[in-house]
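Here the protein sequences line up with chains A and B, keeping their order. Sequential numbering of the first sequence, starting at 723, is according to our numbering. Sequential numbering of the second sequence, starting at 723, is according to our numbering.
Worth flagging that the hints you see were computed from the coordinates, not collected in a lab. There's no promise every hint is true.
Since the list gives no way to pick one copy over another, a pair counts as held whenever it fits inside one copy or between any two copies.
In silico DSS-like cross-links for lysine-lysine, where the CA-CA straight-line distance does not exceed 30 Å [said to hold, decoys possible]:
#	residue 1	residue 2
1	936	831
2	868	937
3	846	868
4	846	937
Okay, here's what each chain looks like letter by letter:
Number of protein chains: 2
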Amino acid sequence: MKYSYPYPRPALAVDAVVFGFADEDVCGLFIERALEPFKGRWALPGGFVRPGETPEAAARRELGEEGGIQQEIYLEQLYTFGDPERHPGDWVVSVAYYALVRKDRFNVKPGSDAKDAQWFSLKKRPALAFDHGRIVDTALQRLRSKVHYQPIGFELLPEQFTYAELQQLYEAILGEALDKRNFRKKFDSLGILREVGVVPTGKRPATTYEFDRKKYQQMQRRGFHFEV
Amino acid sequence: MKYSYPYPRPALAVDAVVFGFADEDVCGLFIERALEPFKGRWALPGGFVRPGETPEAAARRELGEEGGIQQEIYLEQLYTFGDPERHPGDWVVSVAYYALVRKDRFNVKPGSDAKDAQWFSLKKRPALAFDHGRIVDTALQRLRSKVHYQPIGFELLPEQFTYAELQQLYEAILGEALDKRNFRKKFDSLGILREVGVVPTGKRPATTYEFDRKKYQQMQRRGFHFEV
DNA sequence: CCAATAGTGTCTCTAAGACAGTATGTT
DNA sequence: AACATACTGTCTTAGAGACACTATTGG
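Please take these sequences and the hints and turn them into a complete structure.
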């Protein structure tokens, strides 16, 4: 190799915070480590980046291998954690990602490096291995701020949803109650939801909507920008 | 080392986009490479992360060594670039940062790995080595969006500044003309500027202001959030 | 007809944005 | 006196936020 750097190198890992939503609650997917260090502790799905691979590809691969998440999902780079003390006994730098998935679309299952894979409500998540707790906090912050100016909430909902569900999602992410009428007014005026049907709820049936991605992209090109 | 990962590892680098402001123009600090690869090409200041060092510390160290920037400066992690093809002949992953500095406070000077260090207007910057052009674009995007909701513009101005300068800065970053009266009204109403004096301009003297950091932090704690 | 959830309209107030002339200094 | 730059105020309009009742269905 020409120009190669001869000094010690870190191992490069990726870790992903996978967010889901169900029962009016935001949750995260964690795996139980089958290997040292932190064997038996809950941790983020992740692993090492292989030669020739981009970190994002590594993150997607690991989500498939470790969490049973193979489909196309929303995945975004979050932050790179490089404290030399973050991994006991080795120098491991981790590029962290966060993912938004529709929980119902996935059968989470542990892969070879994991004893178990489970969703946890983020309100009562277990203590995590390494600095993964901090990574989750960072991801939550990012989600909370991003949800205001990008229509990423829909990545967490089923294709079709009611206004009640959409509002519960926003309330769960933002951690505050919102006014039903103002919330509806807001999204109605954005014009990015398409009515697609009606669904029984036990009492009065509710109208269901879809996020109109194409229309949103058109509007975006015309200078529109989403804000909630 | 316990648990160490035996497979090939990337070299870990940091690169920094250093922004400055002068003459109604945003500029960036680039260095001319003294070594292969891309010897003689302009590039971002940066270098390899050493064992025991955090990436941020490495970035600060390199800015001192390569660009003559030793003082405390605003520095924020931007994005990690990990395309395996980004560096010819080796696997080098780079954690990119961006910095905001008061141009007048620094005597930029090239370090040992650089033939030269120079400020360039970002409108007419040279073609850069590696993927550094993309890194600059990413940093500019980040700066442009962040300037709306965080008072980081002040990091680019001298301690004391006039409304004309402040407005020129925002116009340069955002790339659009702003209305003088509305601009003033906005910042006046925020209440984060402190009048500190008067400066001759050749014609009618202008009032100078300082960013009142303490007041801003107080207000922030009370739930205030900056927005322009 | 009762219970439960879905859905709706108005008012107030703040702030964004468009817009043009006066004030104060220098030469 | 002329010129250049600093500085100022009003109107219109859009939207955020507070607020409470009606509609529709199942049991």
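Within a copy, between copies, both or neither: which one fits residue 868 and residue 937 at a CA-CA cutoff of 30 Å?
Both: 20 Å inside a copy, 27 Å across copies.
My question is about residue 846 and residue 868: at a cut-off of 30 Å on alpha-carbon distance, are they close within one copy, between copies, both, or neither?
within (23 Å within a copy, 32 Å between copies)
Treating 30 Å as the Cα threshold, decide for residue 936 and residue 831: within, between, both or neither.
neither (33 Å within a copy, 50 Å between copies)
Given identical chains, is residue 846 near residue 937, meaning Cα to Cα at most 30 Å, within a copy, between copies, both, or neither?
Neither: 38 Å inside a chain and 36 Å across chains, both beyond 30 Å.
Comparing the model with each numbered hint stated earlier shows that hints 1, 4 do not hold.
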